[in-house]
Amino acid sequence: MSVGGLLVAVLQQVIDGVFLGLFYAIVASGLALIFGVMDIINFAHGDLVMISAYFVWLISTYLNIDPLLSMLLVLPVLFVLGLAIQKGLINPVLGKEPLIQIAVTVGLGFVLQNIALGYFKAEPRGYPNPVFSEGLSIGPFVIYESKLLSAAVSVLVLFLLDQFLSRTRLGLAMRAVTDDRSSAMLMGINVERVYLLTFAIGMVLVGVASGLWMEMGQVWPYLGTSFSLVSWVAVALAGLGSIRGLAVSAVIIGIAESMGSLISPSVKMAVVYLIFFFILWFKPRGFFAKR
Amino acid sequence: MTRSTLLSIALFQAALLAVGFLVSGNNYYMLLLTQVALFAAFVAAWNIIGGLTGQLDLASSAYMALGGIVTSLLWMRLGLPPVVGVWVGGAVAAGLAVLIGIPTFRFGVREVWYALMTASLVVILNNLFRYFMGPWDFYLPNKWGWLYLRPRTYFELFIIVDVVLLAVILVNIYISGSKIGYYLRNIKEDELVSEAVGVDTRLYKLIALAIYSFITGAAGFLQVVIYSSFSYRLFDAGLAISIAIMGIIGGLGSISGAIAAAVVFRALGEYLRSTLGGVIPGLDLLLYGVALIVVGILKPEGLAGLFNQLRRWWRK
Amino acid sequence: MASKPSRTPLIIAIVVIVAIVAAALGYYIYTSKPAATPSPSPTPTKVKIEKVVIGVVQPLTGPYAIFGREAVDAARLVVDIINNELGGVRSLGGAKLDIVVEDAGTSPESARLAAEKLISQYHVPIIYGAYISRFTMAMGTVTEQNKVILVTDALVDDLANQGWMYFFRVAPRASAHGVSAVDFVMDMAKKYNVTIRTAVIINEDSVFGTTVSNGAHLQLVKYGVEVSSHITYPYDITDMSPIIDQIKRLNPDIIIAVPYFSDGVLFAKTAKAAGLNPKFIAGAGACGFTDPDSIKAAGDAVLYYTNTYSYNPAKPTEWNSKLVSEFMRRYGKMPTEAAGEVFYSFFTIYEALEKAGQMFPDDPLNPDHLRQAFLSLDLNESNSIAAQLYPTGRIKFAPNGENLYAGTAVLQVQLINGTLTPVVVWPQPQEGVQPVFPRPGS
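Protein chains in written order, with the numbering used here: chain Y, 1483 to 1773; chain X, 79 to 394; chain C, 311 to 752.
By construction, these hints were calculated from the structure, which means they are not laboratory data.
Watch out, some of these pointers could steer you wrong.
Chain Y regions said to be covered by chain C (calculated; three or more residues, Cβ under 8 angstroms) [said to hold, decoys possible]: (1) 1490–1497; (2) 1611–1623; (3) 1733–1747.
Ideal Cβ placement from N, Cα and C applies to all residues, glycine included.
The whole structure should be built from the sequences, with the hints applied where relevant.
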């Protein structure tokens, strides 16, 4: 391969990686929010994305509309589901040992996976003709509409989230709880209510991620495992409390993964996790932590 | 070690052996019993790092696979019989664990980050072995006998596994009664405080990690014997999580609880797989998940708490 | 707790260990005596066999459940047809067939348990399964030891090289799929006068995917085609674009792809979006691209893709049409690979049982008699139902249990009356169908 060819190859992988990373950012945002505010260790995050993607698929095929539209219909459902999960499962284990939280959320993950397996069967489900399914050729590069779109939506939603957290009463309350739980309580913040809404909003973010995913790919019962660990790595890299930091970290992961596939797609995740190792060793609070 | 612990160990052993003899005529139950006992041994080994020290280690299957593969390769490539090879396998696993443990504890990686780090260790090793071994399954040579820890009958295999299980239990009890155990419990209660009063937390965590990974690595070969082949898929993140979960459900730090959880859940899982797996796919795993949630929410102190309750009730 | 470690624990521990070892030795000596009773009693002569139970071990949970579930559906159908329409196994006095289904679970460990259970609880003479090669490997050690016939639908080549005596595989082995895919493409290239110089192979990185793709690779080299890259990826990949972009830069004449399932859909969609349009894209290994669910999920992204099949659902024989329509009536979908393998494997088992009944009327279910019955089969479309269901129309076993006449069919996704339909285009195109080659607009 010539030098120019190599350059094109690397640049193309970087472009792919940036888009992938921005998508990971929206996937991880729900986890980051929930973990940051509530300090709950959620190992079922990927499985929640999976279940939500099935909702999107159901509506899309039933009404024959694009996944992006059905996503809008799914969001309220997820909000309510978030309230229910928080009330029923998460609240009882708040503040418990991390191991217990892991056990409960892993249990939730198992339940979701196998409900999906029993109800939707193991076949991957996808919407065959999403609106954004073409590619744009710019010089020697290819840009995928669906990935461009997911990146754009992701940036928009993260921007809104950032504004929400810094401008609204509820958002400020959430941040106060993130920073210092007990003083937030002393300041008269209804922590219980903040938790409830945090989880519900986290689920809405999950819904957005799943809608974007269905525009690009399909859902199957074990889809979640692919997203869970990566989301955690993004959160580790970013540290708590910064949405911008999360986006940058997720992009780094996306590029690492994309470059890893130049070596061999079979081992690309090893590259991502090795980065994770070094981050934890040398920058245990992440790059963008505010506390 | 008190008289009553010894008595319960002896009783447990007697019961296990009695069950072994009872089902020795039926290969299915014999294999199941062996698998249950081996699983219990892994959970009991995990108890050293997870239960006694309070570190959420999710890399159990990494050490298991590493030890198992090293032992198998030593046998197949260099002719070193596994009865010797397992010690090397265990040492290699412990070596890797310590190598990673030193910076990890040095830089204070703990709680959820320690859990995620160990979980990703499984994925990294999985990918690396995938890269160097290829996707292939490697089959153990067609040789049988005690020398290879690969006897012809399941009963003999069960005896080997049982010896391992017993050894792990004794190690657990020995550690928890020793000075190290005292420090480990301190670390589990509050790491920062124990550091402040001058406990070398890094050293003791490292010791716990080394013992746990050595046992897991050495016993890993028995898992390979049951599979009768090995591949990079032995680095199984799901298995590592379920081993840790058994330790949690058992009630952290309680060796009897951990073993009880391993026995109950492994046997229940098999019962559900064999009765319902063919009828309603996934129902067994679904119930397994429900059990986790119920135990986690309603009985966070795990089966050990249940035992204590029963004991109190008995004494009334 | 004693402040000074007491010595009692150590002593008791040693005592317990000694006791265990003694028990073990006692048991060992006890069992190493010649067995007093012969294992599962050979059926006494002239006892009427009411039914023959066949064990079915399939992955019903986990990522391969898709195939296992379809196989079990198909097995139930075939057994019903044999019992109700053919009157059971006639040479065994009309004995009915029955199946016991076991979930292979998600590890070799559980597959092995499943086999042990079938043998010790149900005393099955024949086990069918377990789709995944390493599960089948774990089962094979058990079936060999217990002398139980193992008819497998796991395709990895290695299984037939274990020196197993009681092992049979009707379905075409993995490398044959890769070879067929290449043979098909080169055959078409010659017919339609298309030059093919370079190829890219991509496969999911399981043992199966790798074996299939290696078969294709060797075959391409044999035809003198340059393989510019051979890419592997994990089956649960979520982003195909880096791979597609790589392939696009290489600009090969053809692509041979060995997908698992969802990755196939992802590949097709991403390739379409990227405008990747080589002269031909041929799948190998039967998963993805051309099955009904992939078509449903991928839409016209998979138009003109082909894949090799261990089974030809459009084969125009009487029994094949019958089974396909019965399957569709009962389950509401076309039978694919997994069901097809069950169709002909179960009818082969049925015909072997008939044969065993004729050859050894006194003890037909004896494992060695069954084995001889399997080996004596020589089936073709005029003398057997199984052969009518098989792509090549012939079944005869080599001593290692492999079908000597193994072969695959090639299906292509075409637009027929406005719907995307998988049609058979090779070795003989089905009625009213022509292969589309090369890809239009390439």
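Are three or more residues of the region 1611–1623 of chain Y within 8 angstroms, CB to CB, of chain C?
holds (count 5)
Can the region 1733–1747 of chain Y be counted as covered by chain C under the rule of three residues or more with Cβ-Cβ separation shorter than 8 angstroms?
It holds: at least three residues are needed, and the region 1733–1747 of chain Y offers 6 whose Cβ sits within less than 8 angstroms of chain C.
With a Cβ-Cβ cutoff of 8 angstroms, does the region 1490–1497 of chain Y contain at least three residues near chain C?
holds (count 4)
Going through the hint list in order, the structure satisfies each hint without exception.
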